[in-house]
Amino acid sequence: MIESIDAYLNQLRKELAGSDRATIQDALSDAEEHLRTALDTDREAQAGVSEAEALPPIVEEYGSPEEVAAAYREIEVRLRPTLAQPRHADNRSLFARFFGVYADPRAWGALLYMLFSILTGTLYFSWVVTGLSFSLGVMVLIIGVPITVLFLLSVRGISLVEGRLVEALLGVRMPRRSAFSSKNLGWWERLKPLLLGKRTWLAIVYMLLQLPLGVLYFTVLVTLIALALSFIATPVLGPVLGLPIVYVGEARYYLPDWLTPLIALAGVVLMTATMHLAKFASRVHGKLAKALLVSD
Amino acid sequence: MDDISTVNKKFRKELSSGIVALVLLSVLDRAAEPMYGYQIAKLVGAGGAETPMVKQGALYPVLRSLERSGLLQSRVEPSVSGPPRRYYSVTESGRKTLGQWTEIWSETKTFVDSVLGGVTND
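Those sequence lines, one after another, are chains A and E.
Residue numbering for the first sequence follows this note's numbering, starting at 94 and increasing by one per position.
Residue numbering for the second sequence follows this note's numbering, starting at 83 and increasing by one per position.
Chain E with its partners taken away, still in its complex shape (with noise of 0.2 Å):
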């Protein structure tokens, strides 16, 4: 039981290593305004899976990498209470990066199922 949980695991973290990315270009794109990581973590666990994809934890470095690549943004700001907080937004290259990473993901999502659905089908 043990065994198949970390097999479980070890599965779900390679595959949401670029989903997560492309979930967070997303919730940013569509964001009217830059967001802070409190924010986005709630947006994201709103999605409604059971087990999330990601803890929280694992979205920032995440954003920081986006940041780094030059597809998202960020500015701090001092917040009324605690600590300051980072905002993120998308740039231009990041709107341009998420419609090309969309595509790959529906081309990846219809060759996986159609795999899927072929072996149910068998």
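Okay, chain A solo, but in the shape it has when bound (with noise of 0.2 Å):
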């Protein structure tokens, strides 16, 4: 017998136990939206009913944890994130796969997401650290708290953004909105997660590393696309408008007429090797995202 809605919401979670983590985010929140509103409205209908009297018929009308993960389960393989392919196997020649990534919305979501992440890097590291290093410098005062619980909650906000973005650029399926507390708690249990909890701290980590991170994706695409245009242009900066490849000094050197169009297809080659760096970067580091911006 359910007796609460924590109860409920635990044995879901347990029912839901190997799906997509972002599911069972859903799941459990779209649960907890139902069973209180309707307690609330319950009990609005007559006073002083108790949670565990007026719950078992909500719950017989919701559906049982196994009723509802098996909803969310057959869902699940029909919602697919935006940029997601179909998972059937590819028969396609070993060319056409290599130079089919061009086609490919995730190669391309995976290569902005890229270029991108020294700026998203640069700005949660200096907001998590001025914020870090501010909180703990006032800490001694009283408004201390209330700034750094203020912080604290930015970080959970941003790391929903985050989320969006990685969903939206890299494919990788992530919760739509933050798990809430429960209203009836005092605001100490209600603090507790945020401060104590490993989801702010894993965010934080998060936003650190996306920095370093950041700043790698972006130097190693940066200069593999220079290098890969470059080697592209190579027939028509020699042969046609005449410049050396090298300088030394006073001496020019040239490449022969013949080799620049063997550059020039290794430049393709490269660039299109390039394309599949990001798109095999962006999936490690959807999984980083998910390790740390998602947890149950």
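Just so you know, these hints were derived from the structure itself, not from any lab.
We put the beta carbon where it would ideally sit given N, CA and C, even for glycine.
Please note that a few of the clues may not be correct.
Derived CB-CB ranges, DEER-like [stated by the list, open to error]:
#	chain 1	residue 1	chain 2	residue 2	range
1	A	LYS291	E	GLY100	40 to 48 Å
2	A	LEU295	E	SER99	31 to 39 Å
3	A	LEU205	E	PRO160	31 to 39 Å
4	E	GLY152	A	PRO332	45 to 53 Å
5	A	SER186	E	GLN182	33 to 41 Å
6	A	LEU208	E	PHE93	48 to 56 Å
7	E	GLN121	A	LEU243	50 to 58 Å
Given two chains presented individually in distinct reference frames, assemble the corresponding complex, making use of the accompanying hints.
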């Protein structure tokens, strides 16, 4: 017999074990929203009813944890992130698969995300470092506590926004809203998960990591893309415009004309390989984001 | 007896998977303003069927999947008491889809009715 909403949610979480973590979070917040609203409505209608008394008929209508979990699992199969590819075997030739990356929205999304990450990384890093040191600094004063709480809440908010970015550009499913705390707890009970929960601190770790990662992504990608483009341009720069490949003092070195198309070809291959690299790195980054920003 | 009820349950489930989406779209299309899950569930439940087609809890994942396909849109608003609520409303493409789905539904209904009617007449 389920006697409280928390017990229901715990059982639902158990039933959904093994599903996508974002699905679990969706299911839990839907259930909590519904059950609390239903309970409040019933209690308004007849005052003095306890949670344990009012809940069974509500749960009867809403469905048992098993039934609800089954419904989410069924939908999860049909619910794919925006850019996620259907999972069927890729039977194109190796050549088509290699160059097909230009038609892959995931690869372009990854490229965009990684070039942007130097910006978001800088912003996150500065915000966290400023917020943390300022919070610690004013901790001795009374206003230190609300400032710390505000800062930690902002971390939660930013990590949700980052989740939207990751989902849209990298195609990794992320939670759509933050878990809320139940209202019948005291203020300390509500603050405790914010201050002591691993969720906030993992998000801070993610935001700090985003700067070095963003610099790395940006540098590697820009270098590779610039190199590939200059390779591709050699047939025009050398034979057509007559520019030397290297200047050393007065000496100018030219490439034999027959070699330049080959170098251009190497440039095309390098460019394509860079797209694959971006796609691969974004998959790793998506896993990192999911591990640090989504917690049960 | 137990066997029959499982078979019935399974049949009900298979039938409901598309119908629930159609019903939710139409309920939200007729609503004057965005609605949240509990309101929608109450409205669908008020249809009066003895055994509801689906449990209320099974409506929510359908709402989310409809939003995913762009037929619904939603926004979260804090409520005076309790957790924030997600308000759903129909999008332009949802409205178009509803028109087409309604047509498909009435075709299906006519077809099934005529076949079932034919069976009883013989």
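Do the hints match the structure? See the list:
Distance hint check: the CB atoms of LYS291 (chain A) and GLY100 (chain E) are about 41 Å apart, consistent with the given range 40 to 48 Å. Between LEU295 (chain A) and SER99 (chain E) the C-beta distance comes to about 37 Å, which sits within the given range of 31 to 39 Å. For the pair LEU205 (chain A) and PRO160 (chain E), the beta carbons lie near 33 Å from each other, so the given range of 31 to 39 Å is met. At about 51 Å, the CB distance of GLY152 (chain E) to PRO332 (chain A) agrees with the hint of 45 to 53 Å.
Our hint of 33 to 41 Å for SER186 (chain A) and GLN182 (chain E) holds, since their Cβ atoms are close to 39 Å apart. A hinted range of 48 to 56 Å holds for the C-beta pair LEU208 (chain A) and PHE93 (chain E), which are about 53 Å apart. Range check, GLN121 (chain E) to LEU243 (chain A): about 33 Å between beta-carbon atoms, so the 50 to 58 Å window is missed.
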